[in-house]
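S.K.: Chains as they are written, first to last, in the working numbering: chain A, 3 to 222; chain B, 23 to 329.
To be clear, the hints were calculated from the coordinates, so they are not data collected in a lab.
It should be emphasised that the depicted structure is a prediction, and the values quoted were computed from it without experimental measurement.
Be aware that a few hints might be false.
[Stated by the list, open to error] Calculated from the model, a selection of chain B residues having no Cβ within reach of chain A, i.e. all distances over 10 angstroms:
| id | residue |
| --- | --- |
| 1 | A36 |
| 2 | D90 |
| 3 | S97 |
| 4 | R99 |
| 5 | L135 |
| 6 | E173 |
| 7 | D222 |
| 8 | E251 |
| 9 | E264 |
| 10 | R272 |
[As the list claims (entries may be wrong)] Computed footprint of chain A on chain B; a stretch qualifies when at least three of its residues, placed anywhere within it, have a C-beta under 8 angstroms from a C-beta of chain A:
| id | segment |
| --- | --- |
| 11 | 73-81 |
| 12 | 207-213 |
All C-beta atoms, glycine included, are put in the ideal place defined by N, C-alpha and C.
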Amino acid sequence: MWFFQILYKEFLSLRPVIWLALLAFTIAILGLQGNRVVMSYIGKIGPAYPFLSSNFMNAYFVVAYFLAVIVGIWQTQSEFFRGTWLFLLHRPRGLTELVVAKAFSGTLISLTVCAIPAILYGMSVSIPGVLPGPFQWSYTGQFWRLWLFIPILQLGAYTTGLRHGRWYVSRLCPFLAAVLMTALTFLLAIHWLLLIVLLGFVLVLQVIELRQEVSQRDFS
Amino acid sequence: MSSYAIETENLCKAYGKKVVVNHLNLKVPTGCVYGFLGRNGAGKSTTTKMLMGMLPPDAGSGRLLGDDITNIQPSTRARVAYIAEGHPLYAWMTIKQLSRFTKSFYERWDQTLFDRIIDHFQLVTNRAVKRFSKGQQAQISLALALAPDPELLILDDPTLGLDTVVRRDFMESMIQIIQKQGRTILFSSHILGDVERVADRIGIMVDGVLRADCPTDVFKQSLVKLVLEFNSPPPPNLKFPEATGVVHSRVFFHQLHVVIVNPDDDHLKLAETLQPKEIIREQMNLEDAFLEYTREKRDVLSFFGGS
Numbered sequence: 003m004w005f006f007q008i009l010y011k012e013f014l015s016l017r018p019v020i021w022l023a024l025l026a027f028t029i030a031i032l033g034l035q036g037n038r039v040v041m042s043y044i045g046k047i048g049p050a051y052p053f054l055s056s057n058f059m060n061a062y063f064v065v066a067y068f069l070a071v072i073v074g075i076w077q078t079q080s081e082f083f084r085g086t087w088l089f090l091l092h093r094p095r096g097l098t099e100l101v102v103a104k105a106f107s108g109t110l111i112s113l114t115v116c117a118i119p120a121i122l123y124g125m126s127v128s129i130p131g132v133l134p135g136p137f138q139w140s141y142t143g144q145f146w147r148l149w150l151f152i153p154i155l156q157l158g159a160y161t162t163g164l165r166h167g168r169w170y171v172s173r174l175c176p177f178l179a180a181v182l183m184t185a186l187t188f189l190l191a192i193h194w195l196l197l198i199v200l201l202g203f204v205l206v207l208q209v210i211e212l213r214q215e216v217s218q219r220d221f222s
Numbered sequence: 023m024s025s026y027a028i029e030t031e032n033l034c035k036a037y038g039k040k041v042v043v044n045h046l047n048l049k050v051p052t053g054c055v056y057g058f059l060g061r062n063g064a065g066k067s068t069t070t071k072m073l074m075g076m077l078p079p080d081a082g083s084g085r086l087l088g089d090d091i092t093n094i095q096p097s098t099r100a101r102v103a104y105i106a107e108g109h110p111l112y113a114w115m116t117i118k119q120l121s122r123f124t125k126s127f128y129e130r131w132d133q134t135l136f137d138r139i140i141d142h143f144q145l146v147t148n149r150a151v152k153r154f155s156k157g158q159q160a161q162i163s164l165a166l167a168l169a170p171d172p173e174l175l176i177l178d179d180p181t182l183g184l185d186t187v188v189r190r191d192f193m194e195s196m197i198q199i200i201q202k203q204g205r206t207i208l209f210s211s212h213i214l215g216d217v218e219r220v221a222d223r224i225g226i227m228v229d230g231v232l233r234a235d236c237p238t239d240v241f242k243q244s245l246v247k248l249v250l251e252f253n254s255p256p257p258p259n260l261k262f263p264e265a266t267g268v269v270h271s272r273v274f275f276h277q278l279h280v281v282i283v284n285p286d287d288d289h290l291k292l293a294e295t296l297q298p299k300e301i302i303r304e305q306m307n308l309e310d311a312f313l314e315y316t317r318e319k320r321d322v323l324s325f326f327g328g329s
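Pulled out of the complex, with its shape left as it was, chain A reads as follows (with noise of 0.2 angstroms):
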């Protein structure tokens, strides 16, 4: 089906983005678990216990929300280098059902290499003697709290990508309105459903915004 095969193609393209975005969880691990090696390289970044720690928190959600725009610019910057809108949009598809296609394929991306990370980290640390305290899944709760913000900015970052004209100026819009949505959105603290409600709202006004460019979009 073309989804999976736009979906594969967007994961070999994001491959070096990939890697080096698992590297980092690994290094934001391994520091703030005290690993030695590590900590000769960055220094002490000081105790976490997983999921609940400030400093767990906030050295993984740099690099998953640094991950969610880098996907987003890399995903429609490098078709606009290599002239492969051209080909791409040419398929037999509507011109707006392939670039929000591509853009969830990103989102996908950006989600599970940001998810398989904690989850592993969680099932190592759930075995009992790891940890000098208990480890309960629902310590999890605020990760993926955070986590369902990575498609609000990787859909800013791409439609950014996407939208005509100048970097500092109006391109950014989407950009800052994403970023804007996340930190307001983290700040009210609201109730779980109630957020789930307001994602999926920003996320249809990004698929609109996302139609508007591609009808006004110069693809060549």
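Starting from the known structure of chain A, fit chain B onto it as the hints suggest.
M.R.: Chain B in isolation, oriented as in the chain A frame:
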């Protein structure tokens, strides 16, 4: 169903103040091999991108196999092959991956034909596209374009940057493709020899305006160079009198070269008023005709219309 595979009406595109395509009325009949000519920056690529829906026009309209170019339906896209200038492909993919990727979008995909073309060009399918030469990448593009068995092919300067041998091979393949009845091809090119071999109709863009649109033979036969021979060098600013059909004139040693569309007795009478020693009528090949026709920037060029 329209007898035109491609139709545009007053299609316009400008970048800032520069008008790149100016009220273009292009009509490509179904089953025609149409050579779309013009110098660099004439607006050929911009036109093909607008036709393919990759670039929104500023004004005017267009139809591709009957579909509005601003809203080409997937079913119509499946019937059209498009090779963009420079053969943009995912360079890190192998031919096998590219074929699998492209195939997934089409209901009608002839894998046997694709494999046959790849075999014909002796390309290794498990090698990344970036490891192939520019000419081989053009061959891969052609194979990908043909596998869905398109009714219409739009090729934007497909031989650009290819050496003579590869270009010849590419054109031979194109001739084979053309042999399939009812298939329409629009291809832009700088290489007039290629166009002369395959196109049965040509369009010439000059500064965003379609200045000629006629059968290739009509263009060659209609454009004539009159060489007015003088005893002594004529004044360097000597110009042929203004008249319908006169494209341009220029002094060349003892001669005045005048390029005219369909010269008649009136033109000859005008030539005689300049009192030349001799008037020689020269027929030109397509390349010379094209060069003479597009050589100088002018506001008005004689228009080749009709069929």
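S.K.: For every hint, state whether the structure bears it out.
M.R.: Okay, the hints, checked on the actual structure:
Under the 10 angstroms C-beta cut-off, the non-interface status given to B/A36 relative to chain A holds; the minimum distance is some 12 angstroms. Distance check for B/D90 against chain A: the nearest CB is about 13 angstroms away, which clears 10 angstroms, and the non-interface claim stands. With a minimum CB-CB distance of about 7 angstroms to chain A, B/S97 fails to clear the 10 angstroms threshold, and the non-interface call is violated. Not every CB of chain A lies more than 10 angstroms from the CB of B/R99, the least distance being 4 angstroms, so the non-interface label is violated.
The beta carbon of B/L135 sits about 17 angstroms from the closest Cβ of chain A, which is more than 10 angstroms, so the claim that it is off the interface holds. No Cβ of chain A comes within 10 angstroms of the Cβ of B/E173; the nearest lies about 13 angstroms off, and the non-interface call holds. At roughly 25 angstroms, the least C-beta separation between B/D222 and chain A is larger than 10 angstroms, which holds for a residue marked as non-interface. Distance to chain A confirms B/E251 as a non-interface residue, since its nearest Cβ pair spans about 48 angstroms, more than 10 angstroms.
Every CB of chain A is more than 10 angstroms from the CB of B/E264 (nearest about 39 angstroms), matching its label as outside the interface. No Cβ of chain A comes within 10 angstroms of the Cβ of B/R272; the nearest lies about 36 angstroms off, and the non-interface call holds. Counting residues of the segment 73-81 of chain B whose beta carbon lies closer than 8 angstroms to any beta carbon of chain A gives 5, which reaches the threshold of three, so the coverage claim holds. For the segment 207-213 of chain B, the stated coverage by chain A is not satisfied: 0 residues place a CB nearer than 8 angstroms to a CB of that chain, which falls below the threshold of 3.
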